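Chemist: Sequence:
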Amino acid sequence: MNNLTELELENLRHIIGGHSTIANKLESYAGNCSDPELRALLQRDAQSALQSRQQLLNFLG
1 MNNLTELELE NLRHIIGGHS TIANKLESYA GNCSDPELRA LLQRDAQSAL
51 QSRQQLLNFL G
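Counting in the working numbering, the sequence shown runs from 1 upward without gaps.
Rather than coming from a laboratory, the hints here were simulated on the basis of the structure.
Predicted, not measured: the structure shown is a model, and the values here were computed from it.
Just so it is clear, CB atoms sit at the ideal spot from N, CA and C, and this is done for glycine as well.
Some clues are possibly wrong.
[Unchecked claim] Simulated DEER-style distance windows between Cβ atoms:
no., residue 1, residue 2, range
1, Cys33, Leu12, 15 to 23 Å
2, Ile15, Arg44, 14 to 22 Å
3, Leu7, Gln54, 19 to 27 Å
4, Glu8, Ala40, 31 to 39 Å
5, Asn11, Asp35, 31 to 39 Å
The whole structure should be built from the sequences, with the hints applied where relevant.
Modeler: Here it is in structure tokens:
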């Protein structure tokens, strides 16, 4: 892990939490969506948010 300041670490945790929130909301929207094309788009974006979250977590160590 890179040497991060406390502020950088706090900001990174905040961003990781944001990605989790976005993924959860998109999955919820997809679950309530009746349009298959829009549902697929929302699910794909949710997966992308989870992948970004995981990449940030990997950066932490």
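Chemist: Hint says 19 to 27 Å; check whether the CB-CB distance for Leu7 and Gln54 agrees.
Modeler: Check passed, 23 Å falls within 19 to 27 Å.
Chemist: Between the beta carbons of Asn11 and Asp35, is the distance compatible with 31 to 39 Å?
Modeler: 36 Å, holds
Chemist: With respect to the beta-carbon atoms only, verify the hint that Cys33 and Leu12 lie 15 to 23 Å apart.
Modeler: 31 Å, violated
Chemist: Regarding Glu8 and Ala40, is the given constraint of 31 to 39 Å on their beta-carbon distance met?
Modeler: 36 Å, holds
Chemist: Between Ile15 and Arg44, does the C-beta distance stay in 14 to 22 Å?
Modeler: Roughly 21 Å apart at Cβ, these two residues keep to the hinted range, so it holds.
When held up to the earlier numbered hints, the structure conflicts with hint 1 and nothing else.
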